[in-house]
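Asks: Residue-level listing of the chains:
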Amino acid sequence: MIYSQVALILIGSFWAPWWWIAVVGLLYGWRFKNSYSVNKILTSSFISGFMVWSIFSYYFDARSMGQVSTWLQQIFHLPQSFLVYLLAGFLAGFVAAFSGYIGILIQKKGPL
Amino acid sequence: MRETFRRFTLFVFWGFLLFALNTHWGSIPPMGSFLNPFQGVWQNGILKKDRDLSFKELKESIFVQIDDHAVPHIFAKNNFDLYFAQGYLHAKDRLFQMDLSARAGSGRLSEIVGNKALDIDKFFISIGMREGARQSANAFLKDPLTNEAVTAYVSGINTYIDSLSFKDYPLEYKLLNAKPEHFTPLHIAQFLMIMSYRLAGKHFDLELTRVLKNYGKEKLYDLFPAYQNDTSLIIDKGEIGRSIASKPNVFTDNFVSSFSEYDSYLNYLAGKPGEPEGFNGSNNWAVHRSKTKKGYNIVANDTHLSFNLPSVWYEMQLTNPETNMYGASFPGAPGIIIGFNQDITWAVTNATMDVMDFYEVEFRNNFSEYQIDGEWLPSKAIVDVIEVKSGKQMEYVTVWTEQGVVVDKKGNKGLVLAWIPHQETTELTSLLKLNRSHSLKDCLKYTKLFLAPSQNFICADKKDISITHNGKMAKKKVYQGSVILDGSKSKNYWHEYIPSEEMPFMLNPKLNFVRSANQMAVDESYKYYLGWYYEDSYRGRRIRDILSQNNKFTVKDMQDLQNDILDYMAMDSLPYMISHLDTSGLSEAQNSLVNQLKSWDYSMSSDSYLPSVYYQWWSRLRDSIWQDQLWDGDRKLVPQATRTIKLLRDLSLGKSKNQVNDLYWVDDIRTIDIKESLKDIATSSFRAMWNHMQKTYGEIGPAWNWEHINVLNIPHVAKIPGLGAKPEKINGSLKTVLANNRGHGPSWKMIVELGPTVEGWTNIPGGVSGNPFDPTYQHWVKGWSQGEMRKAHYWLDLQDKAQVKTIEWKSDL
Chain P
1 MIYSQVALIL
11 IGSFWAPWWW
21 IAVVGLLYGW
31 RFKNSYSVNK
41 ILTSSFISGF
51 MVWSIFSYYF
61 DARSMGQVST
71 WLQQIFHLPQ
81 SFLVYLLAGF
91 LAGFVAAFSG
101 YIGILIQKKG
111 PL
Chain H
1 MRETFRRFTL
11 FVFWGFLLFA
21 LNTHWGSIPP
31 MGSFLNPFQG
41 VWQNGILKKD
51 RDLSFKELKE
61 SIFVQIDDHA
71 VPHIFAKNNF
81 DLYFAQGYLH
91 AKDRLFQMDL
101 SARAGSGRLS
111 EIVGNKALDI
121 DKFFISIGMR
131 EGARQSANAF
141 LKDPLTNEAV
151 TAYVSGINTY
161 IDSLSFKDYP
171 LEYKLLNAKP
181 EHFTPLHIAQ
191 FLMIMSYRLA
201 GKHFDLELTR
211 VLKNYGKEKL
221 YDLFPAYQND
231 TSLIIDKGEI
241 GRSIASKPNV
251 FTDNFVSSFS
261 EYDSYLNYLA
271 GKPGEPEGFN
281 GSNNWAVHRS
291 KTKKGYNIVA
301 NDTHLSFNLP
311 SVWYEMQLTN
321 PETNMYGASF
331 PGAPGIIIGF
341 NQDITWAVTN
351 ATMDVMDFYE
361 VEFRNNFSEY
371 QIDGEWLPSK
381 AIVDVIEVKS
391 GKQMEYVTVW
401 TEQGVVVDKK
411 GNKGLVLAWI
421 PHQETTELTS
431 LLKLNRSHSL
441 KDCLKYTKLF
451 LAPSQNFICA
461 DKKDISITHN
471 GKMAKKKVYQ
481 GSVILDGSKS
491 KNYWHEYIPS
501 EEMPFMLNPK
511 LNFVRSANQM
521 AVDESYKYYL
531 GWYYEDSYRG
541 RRIRDILSQN
551 NKFTVKDMQD
561 LQNDILDYMA
571 MDSLPYMISH
581 LDTSGLSEAQ
591 NSLVNQLKSW
601 DYSMSSDSYL
611 PSVYYQWWSR
621 LRDSIWQDQL
631 WDGDRKLVPQ
641 ATRTIKLLRD
651 LSLGKSKNQV
661 NDLYWVDDIR
671 TIDIKESLKD
681 IATSSFRAMW
691 NHMQKTYGEI
701 GPAWNWEHIN
711 VLNIPHVAKI
721 PGLGAKPEKI
731 NGSLKTVLAN
741 NRGHGPSWKM
751 IVELGPTVEG
761 WTNIPGGVSG
771 NPFDPTYQHW
781 VKGWSQGEMR
791 KAHYWLDLQD
801 KAQVKTIEWK
811 SDL
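Sequence order for the protein chains is P and H.
Yeah, the first sequence ends on 112 if you go by my numbering, and it's all consecutive.
Yeah, the second sequence ends on 813 if you go by my numbering, and it's all consecutive.
If you're looking for bench data, these hints aren't it; they were derived computationally from the structure.
Wrong hints could be hidden among the right ones.
For each label pair, taking beta carbons as the anchor points, the in silico distance ranges come out as [to be verified]:
1. R31(P) with K805(H): 47 to 53 angstroms
2. N366(H) with L83(P): 57 to 63 angstroms
3. K726(H) with L83(P): 21 to 27 angstroms
4. D545(H) with T70(P): 44 to 50 angstroms
5. G66(P) with I807(H): 27 to 33 angstroms
6. G66(P) with S163(H): 27 to 33 angstroms
7. I2(P) with K179(H): 32 to 38 angstroms
8. T70(P) with H182(H): 30 to 36 angstroms
9. L83(P) with P727(H): 24 to 30 angstroms
10. G66(P) with N691(H): 43 to 49 angstroms
11. T70(P) with G743(H): 21 to 27 angstroms
12. R51(H) with I2(P): 37 to 43 angstroms
13. P144(H) with G66(P): 49 to 55 angstroms
Coverage of chain P stretches by chain H, computed from C-beta distances (three or more under 8 angstroms per stretch; other residues unrestricted) [said to hold, decoys possible]:
14. 14-23
15. 48-62
16. 66-75
Not close to chain H: a few residues of chain P, all C-beta gaps over 12 angstroms, as computed [what the hints assert, rightly or not]:
17. I2
18. Y3
19. S4
20. N34
21. S35
22. Y36
23. S37
24. N39
25. K40
26. P79
27. Q80
If you're wondering where the values come from, they're calculated on a predicted model, not measured in any experiment.
Think of the CB as a built atom: it goes at the ideal place given N, C-alpha and C, for glycine as much as any other residue.
Let's have the full structure, built from the sequences with the hints guiding it.
Replies: Shown next, in the form of structure tokens:
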């Protein structure tokens, strides 16, 4: 599941707005509620979002010789510039996982 | 039920999370879109390669060549394509800066910044900036060249904007969650309006009215004299040129005495974020070929404005069959503002004529009518809309009389501001035609069209040099408009303007050079009154002294003069400051410092602590003299430095003709039982300086050096943290020719030698690109801080060199 989720986030991210990660999370929660456990869906969504955003933040930043992360470190008052990649990744992972949970809620009736 | 509520809560929270991450909160950007690696801030670090393009707007193909300084050179075949390309390049490199300036100039900052800019927007609308821009935009249409240039320039900007997706937006838009808007000719007028405000928006009329009310006319004239006769004027004695000599009348009555009514407005103005700095100045000079080593005219110019990144200037070359010009352009307007072509060069400094007057006017019927000479006339209400970023719309109404805009209301009285930039002015037409001039005669003809802000224009061709104190200025009596005037009498208003052919002017003067440094242009022998507020003449005197030397000057000499750091104000004032100092109670270290000051060469070097000591002492002494009588809250009015030094000198030599008056200013009126002498305050201010320096910088030594006080500060244009320049050591002071003063100084430096092939040398404290992650964002700052100049690549034809990047833009027609 995680590979397809990563692939879907990645493909859409080149053209869709940032909240594409929420759409993918939502879709996966809604679609796979009956196939996978809640924990697995949430973990998969978080990891997918985290990986895509943190890795690609690093990739694009490397193309600017780390200038962007150095500046972001300064304005976010972070001790290390690499933490900016983790921040971006965490944000995407959290949104994807939360959206996955919302997807599950749409599908599921009764208590989880 | 509980489960339903829980689900509902989660849905709401999820929705809020997405909304929150998509929204700009105070200084926090919309984190979702901002940190998105595929379209957010990370994309701004990836630099796009310039490539060949095609545009349906172009009439013919053009070439853009980028030289090894990263300066673009446009080679077009017609005017439209030339200005289209300039607009496109300006937008490509400086879109946010242009957008910000245009919005600021019309009170529309809150559209992208939100509520926090509402106050400054209201202020700019209240002083008539929007209306002034509308008037200037009308003028664009009346001249075919201006109309074509503006249309093409705007088209270039909009073509670039249309090519952008969110991913390509400048960083600042992503931070603010805003997007660029299409430009119109009005945006250009708005941009020019903000420049007019910065250069011609400073006034002291309200403060001087307070002085008049509290101390009377004599003291007012004494402290703020209408003429600075002891200074080096721009126009040499006996060189009044085409101006007609005769003493102008003195304005003696019709001042407003009920000034206290406007105290609240004066306080409102205090510390206004957009208030122009008082020391926006510049230097320019031209040395005649008879006084240069190679026998060619040489012109130098350095324009002093606040430093920003990206720089206010954009260096470029514009070439088509009609013209070939090189120099500094403003991102936000077509053409070259200061520069040269194959035949002439032009250089400017701010002329600070008094083009801003205030009147007290009586109104009735809810400000729909106003009274002049006993007659009631209809006023005009203009409704402007402020669209705040949040979506809120606000109407802002300005009331206009025939003479100006009401800026403050008290009961049925209104304070009306009359300001030349409110009128339809033609500075853009002037510049575009100036750019195409091929002789000094043409240059002079077109500078006359430059009505606001008033400037000292140097024009030089290969034969002649000239200077004109230029701009639109009402015919006034001496001191008229220096304080609030009685607006009920028509005789107090502007009725006629000084004919352009009678403005102060010099052509090939006997001294064989012309120069200006924002000082007063003329003395009483000139037919018209131009205003009292001019910069002290210290820079002007220094330039005059150097150029008066019997040398044959070279370009290198001109560069040295631009970097000159001898402070004439220190030279004039320090001996008197020391003479008034009571050294008997000073410590050994303090006495040693005084001895060092006595042998100081007045050089404002970053590596010395004597400049720090002098300026810290001087400012404390000056403030001690004036603050108890002249300061009110944040409005810290002080007379010109020359007046303070005159007081120090006269009391020191016992030559004060008006000793009672001088001692009155010296005495601190807040200490009723004590009568302070100059010795008292010179000594106490010296001690205050010493204590401050020790407390702030530690023991006397290198820690006190000027570099720690006069720290170069080049912030981002929107003051975004981390996007300014790194501090560099800088020499100079506010009063030296190299007028480096922290965040203010020579924002454009240029030297032009008008030989058979015109050559230029330039520098800017910034770079080309407006993208902070582009290597050319601030690539000139270091060299500039060290006083270096770059040889401008002024090309007559397309270049075929390996280090030149060539891009072709094809016509899609």
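Asks: Run every hint past the structure and note whether it holds.
Replies: Verification of the hints:
no. : hint                                    : verdict
1   : R31(P) with K805(H): 47 to 53 angstroms : holds, 51 angstroms
2   : N366(H) with L83(P): 57 to 63 angstroms : holds, 60 angstroms
3   : K726(H) with L83(P): 21 to 27 angstroms : holds, 23 angstroms
4   : D545(H) with T70(P): 44 to 50 angstroms : holds, 47 angstroms
5   : G66(P) with I807(H): 27 to 33 angstroms : holds, 29 angstroms
6   : G66(P) with S163(H): 27 to 33 angstroms : holds, 28 angstroms
7   : I2(P) with K179(H): 32 to 38 angstroms  : holds, 35 angstroms
8   : T70(P) with H182(H): 30 to 36 angstroms : holds, 34 angstroms
9   : L83(P) with P727(H): 24 to 30 angstroms : holds, 26 angstroms
10  : G66(P) with N691(H): 43 to 49 angstroms : holds, 45 angstroms
11  : T70(P) with G743(H): 21 to 27 angstroms : holds, 23 angstroms
12  : R51(H) with I2(P): 37 to 43 angstroms   : holds, 39 angstroms
13  : P144(H) with G66(P): 49 to 55 angstroms : holds, 51 angstroms
14  : 14-23                                   : holds (count 5)
15  : 48-62                                   : holds (count 7)
16  : 66-75                                   : holds (count 6)
17  : I2                                      : holds, 19 angstroms
18  : Y3                                      : holds, 19 angstroms
19  : S4                                      : holds, 19 angstroms
20  : N34                                     : holds, 18 angstroms
21  : S35                                     : holds, 21 angstroms
22  : Y36                                     : holds, 20 angstroms
23  : S37                                     : holds, 19 angstroms
24  : N39                                     : holds, 17 angstroms
25  : K40                                     : holds, 19 angstroms
26  : P79                                     : holds, 15 angstroms
27  : Q80                                     : holds, 16 angstroms
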